[in-house]
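**Q** Each chain, letter by letter, is given below.
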Amino acid sequence: MLFLILLLMAAPLLAEPPAAATTNMTCLRCHGMKTLAYRHPSTGKIVDLFVEQVALSHSVHGKLACTECHDGDFAHYPHRAETQQRSLSCVKCHEQQDDATKRHYQFTTIDAEYAKSIHATSDAVEAAAFNCHSCHDPHRFHASQIGDSLATIIHNDNALCLTCHEQARLKHAWLPNRERHWETVRCLDCHTPVTDSKQPVSHHILSAADSNHDCVSCHSKNSQLLNRLYRYRAANDVASHGWLNTAIFNEAYVVGMSRSAVLDRLALVIIGLTLCVLLAHGIGRYRAQQRLLRKQQ
Amino acid sequence: MSASYLYPRWVRIWHWLNALLFAILIVSGGSLHFTGHPWLLDFATARPLHNITGLLLIISWVAFIIGNVMTNNDRHYRVQWRGFLGRLFTQGRYYAVGIFRNEPHPFHPSEAMKFNTLQQLSYLGVMYVLVPLLVISGAAFLLAVYLPDTIFGLGSIWVVAMLHLTVAYSLVLFVLVHLYIITTGDTVTTNLRAMLTGWHRDDQQETTK
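So the protein sequences, as listed, match chains B and L. Take the first sequence: its position 184, counted from the start at 1, is 184 in my numbering, and no numbers get skipped. Take the second sequence: its position 140, counted from the start at 1, is 437 in my numbering, and no numbers get skipped.
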């Protein structure tokens, strides 16, 4: 009887397998250390294994357990080589989500677009190991948030490109008002084609040669920008700041968008002619007045 | 010489506030449209200035309509169709020919009707057609996110922009002609004084009546 009682008391301990004890904190005990890194034996590069806990919790993946993506055997330390080398497919996981078809971005479309992008097709050495994670750190990535200023979104977005493309400033010397453009337009806005996929931005990053150099595609009636960042942004603004603030401080005006050369010329000619007629009319009246005064004298 | 009280205080206050809004809107709107020219306002200044002034113009327009409904000022905006074309022709002929022959003004404003037919027609067009179109297209611009992608098969922002621009140019024309016509009273400043004091002095009224 005593044995039976002891057995019952010990049952919960026995039933718990060691792997289930793995919570995010278990992983972050080591991976939360800023200094956790090693030098890759063949490339000689430092491989950073640090995961910043706050950034992770604010990221799109913040609610996931580490083991939902990293599902191998991590019970042993050092982790086994075959578990470490397993590649993670963003597209596969994201396509399996229940709401996959309702999301802003369709991952199959992203996959197809990325396959055509210069990041995937380039023969350059720098582009050799390019993958989703090169730009989107899964431990900190989050889509632009309501309430972020447009300038912040653009700055963060462009900073991502500029971490690799160090020569970008030099190569954009031709661009008029370069700094102003960089503060108000994302790299992506010129370096991706306009697609019909209904997604806010294409992942089909173009080569420098194929990218948009045409001022008119933004500074014109069919401004690409309006159909991209700004329209999306305006919707967010209305939601967070109300329509009055959005109306007063809206950032959606693109110079030239509302300009029609024909209308401008026509209007200025008519205004000019009107001024001439008014001037002539005034001179005519003045002379009539002078005649009247002479007659009266 | 006679004088009649044509412009009550609220009309004068509204008129000069509206004039100020027009001036700011023309300068700031031109600065947005033709940005980069050294004579114009800085883009970052012109943008909120134009938006805020535009919203104030909506309030000003609504105030004008309410004022007209509450008082009997709207009598000046009711077209008298009897003899309309004849009066229109007479007024037009005066500005085109008579004024150069020192002919007397064919129309004498009174408290019953302060506008001549040409004036009435242009103010009706401005206050009941152009300004409403201007503020509606302006508001549509500001809240472009609610617009459908296309109107009549054209990009809706483009339609709104062209409407706003055409109406704006028309109103610039109106302002130019308006400023000139002010000087065509009995003396150059007669009409200007009337809008400042409310009293219209008519030197010819008694001799020609």
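Bear in mind the hints are in silico, worked out from the structure with no lab data behind them. Some hints could be false.
[Claimed, not checked] Listed below are the simulated SDA-like cross-link pairs for lysine to any residue, each with C-alpha atoms no more than 25 Å apart in a straight line:
no. : chain 1 : residue 1 : chain 2 : residue 2
1   : B       : Lys295    : L       : Asn369
2   : B       : Lys295    : L       : Met367
3   : B       : Lys295    : L       : Gly395
4   : B       : Lys295    : L       : Arg309
5   : B       : Lys295    : L       : Thr480
6   : B       : Lys295    : L       : Pro445
7   : B       : Lys295    : L       : Lys411
8   : L       : Lys411    : B       : Arg285
9   : B       : Lys102    : L       : Pro445
10  : B       : Lys295    : L       : Tyr391
11  : B       : Lys34     : B       : Phe141
12  : B       : Lys295    : L       : Gln377
13  : B       : Lys295    : L       : Thr484
14  : L       : Lys411    : L       : Arg309
15  : B       : Lys171    : L       : Asn369
16  : L       : Lys411    : L       : Pro445
Note that the coordinates shown come from a computational prediction; the quantities given were computed from them, not determined experimentally.
**Q** Are the hints correct? Go through all of them and say.
**A** Right, here's what the structure says about each hint:
1. Lys295(B) with Asn369(L): Distance of about 44 Å is beyond 25 Å: violated.
2. Lys295(B) with Met367(L): violated, 49 Å
3. Lys295(B) with Gly395(L): holds, 17 Å
4. Lys295(B) with Arg309(L): This hinted pair is violated, its Cα atoms lying about 38 Å apart.
5. Lys295(B) with Thr480(L): Distance ~23 Å between Lys295(B) and Thr480(L) Cα, so the pair holds.
6. Lys295(B) with Pro445(L): violated, 67 Å
7. Lys295(B) with Lys411(L): The hint is violated at about 32 Å.
8. Lys411(L) with Arg285(B): holds, 23 Å
9. Lys102(B) with Pro445(L): Answer holds: Lys102(B) to Pro445(L) is near 21 Å, not above 25 Å.
10. Lys295(B) with Tyr391(L): holds, 21 Å
11. Lys34(B) with Phe141(B): holds, 18 Å
12. Lys295(B) with Gln377(L): violated, 39 Å
13. Lys295(B) with Thr484(L): Holds. Lys295(B) to Thr484(L) sits at ~18 Å (cutoff 25 Å).
14. Lys411(L) with Arg309(L): With a Cα-Cα distance of about 14 Å, the restraint between Lys411(L) and Arg309(L) holds, given a limit of 25 Å.
15. Lys171(B) with Asn369(L): Violated, at about 68 Å.
16. Lys411(L) with Pro445(L): violated, 44 Å
The structure is inconsistent with the numbered hints 1, 2, 4, 6, 7, 12, 15, 16, although it conforms to all the rest.
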